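Participant: Could you build the full structure based on these sequences and the hints that come with them?
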Amino acid sequence: MAEPATLQQALYRFLHEETLDGHRRRVCQHLKAYRTEALGGMQVQCEACGWEQPWYHGCRVWHCPQCQTRATRVWAERQQEALLPVRYFHVVFTLPHALNGWVQLHPEVLYRLLFQVTWDTLRRFGQDRRRLGSELGMTVVLHTWGQNLSQHAHLHCLIPGGALLADGHWKPSQGNTLFPVRALSRRFRGAMVAALRRAADDGELHRVTRPGEIDAVLDRLMVAEWVVYAKDCLDHTPTVVDYLARYTHRIAISNARILDIDAREVAFRYTDYRDHHRPKVMRLEGEEFVRRFLLHILPKGLMRVRHYGFLANRCRRTKLPRIRSALNAPRPDTRDASEDRSAPATYPCPRCRVGRVCVLTVLRPRLNRTDILEHRR
Numbered sequence: 361m362a363e364p365a366t367l368q369q370a371l372y373r374f375l376h377e378e379t380l381d382g383h384r385r386r387v388c389q390h391l392k393a394y395r396t397e398a399l400g401g402m403q404v405q406c407e408a409c410g411w412e413q414p415w416y417h418g419c420r421v422w423h424c425p426q427c428q429t430r431a432t433r434v435w436a437e438r439q440q441e442a443l444l445p446v447r448y449f450h451v452v453f454t455l456p457h458a459l460n461g462w463v464q465l466h467p468e469v470l471y472r473l474l475f476q477v478t479w480d481t482l483r484r485f486g487q488d489r490r491r492l493g494s495e496l497g498m499t500v501v502l503h504t505w506g507q508n509l510s511q512h513a514h515l516h517c518l519i520p521g522g523a524l525l526a527d528g529h530w531k532p533s534q535g536n537t538l539f540p541v542r543a544l545s546r547r548f549r550g551a552m553v554a555a556l557r558r559a560a561d562d563g564e565l566h567r568v569t570r571p572g573e574i575d576a577v578l579d580r581l582m583v584a585e586w587v588v589y590a591k592d593c594l595d596h597t598p599t600v601v602d603y604l605a606r607y608t609h610r611i612a613i614s615n616a617r618i619l620d621i622d623a624r625e626v627a628f629r630y631t632d633y634r635d636h637h638r639p640k641v642m643r644l645e646g647e648e649f650v651r652r653f654l655l656h657i658l659p660k661g662l663m664r665v666r667h668y669g670f671l672a673n674r675c676r677r678t679k680l681p682r683i684r685s686a687l688n689a690p691r692p693d694t695r696d697a698s699e700d701r702s703a704p705a706t707y708p709c710p711r712c713r714v715g716r717v718c719v720l721t722v723l724r725p726r727l728n729r730t731d732i733l734e735h736r737r
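Quick note on this note's numbering: the sequence shown kicks off at 361 and runs consecutively.
By construction, these hints were calculated from the structure, which means they are not laboratory data. Treat the numbers as computed from the prediction; the structure is a model and nothing was measured. One should not assume that every hint holds.
Have a look at the derived ranges for each label pair, beta carbon to beta carbon [as the list claims (entries may be wrong)]:
#, residue 1, residue 2, range
1, E648, V434, 31 to 37 Å
2, H383, R624, 26 to 32 Å
3, R677, Q464, 34 to 40 Å
Idealized CB from N, CA, C, for every residue including glycine.
Facilitator: Here it is in structure tokens:
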């Protein structure tokens, strides 16, 4: 029986490491080393039947399809403490595709401005006395891909529906949408174009070298429609974190979507949102598949999940108790989740199914340890 097609196989077959910058090359080396002796592991043995085998470590990089499954569960457990018994709203802010070239030239600048302008837009709407009149909270996740692995930079924002007023009362949002989408879109467009002009004036877009390109692109964008999409609100608090976790640890393509890899091509499933959300199959030349995947390896150190307002890490310890007091709501019980994480893992023997495996010895990694720790992100 043939082994399932995986991203790891595609990288082994079609990646040309000599063409990559140092950061992308190291990330791909770790993806290729997933569950191999290069990352080290343990020699284990069944205490009942004597079965013995090496178990190698995962790579734990952000872009690994296998490693993100467990990371999703762990992250969701940790976020339970920040849950509030209110409605949540999911709003998506998208960069126009006309900026895709600039994203490739200056990813740190474009992504930084995307986060800043998105939060500033929502914060201003929240502070408007005609709406909530105070500060919002928000968890936001950066995605850079479309279903066909094309460049499609956008932010998924999950926002509790309300704000804590200065007098200590909680003011809930009204209606099934947090703010008018059209007004959000226009505010976002103007603020982002202005931020890009300032960045250009400050020399931050110096790799955009064609004469007049910056002014021409930004002038066109000011008269174009920008996409801000508001999804249905979430009324069931227990599902909110699981819902967001699916976005925080989603990667450009999962192994489940890769159907086949041959000597020349990679075939994978995708959803065509422009054609009534129909599932389709795309076949790409192997090098093109890898090129598209590489578009979505983020710059080193860039945090793709961030918290703002009363959910910011520096604020939540003081503000969340005040909000729960205003809502007369208890703090979520997270003891079970923490107990599960601290419990030692035991594994049944895959051969006899009766005994438990135990560790005989630690297998040292063949990759440099400093390099492994530095690039697990």
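Participant: Does each hint fit the structure? Answer for all of them.
Facilitator: Here is what the structure says about each hint:
no., hint, in the structure
1, E648 with V434: 31 to 37 Å, "holds, 34 Å"
2, H383 with R624: 26 to 32 Å, "holds, 28 Å"
3, R677 with Q464: 34 to 40 Å, "holds, 39 Å"
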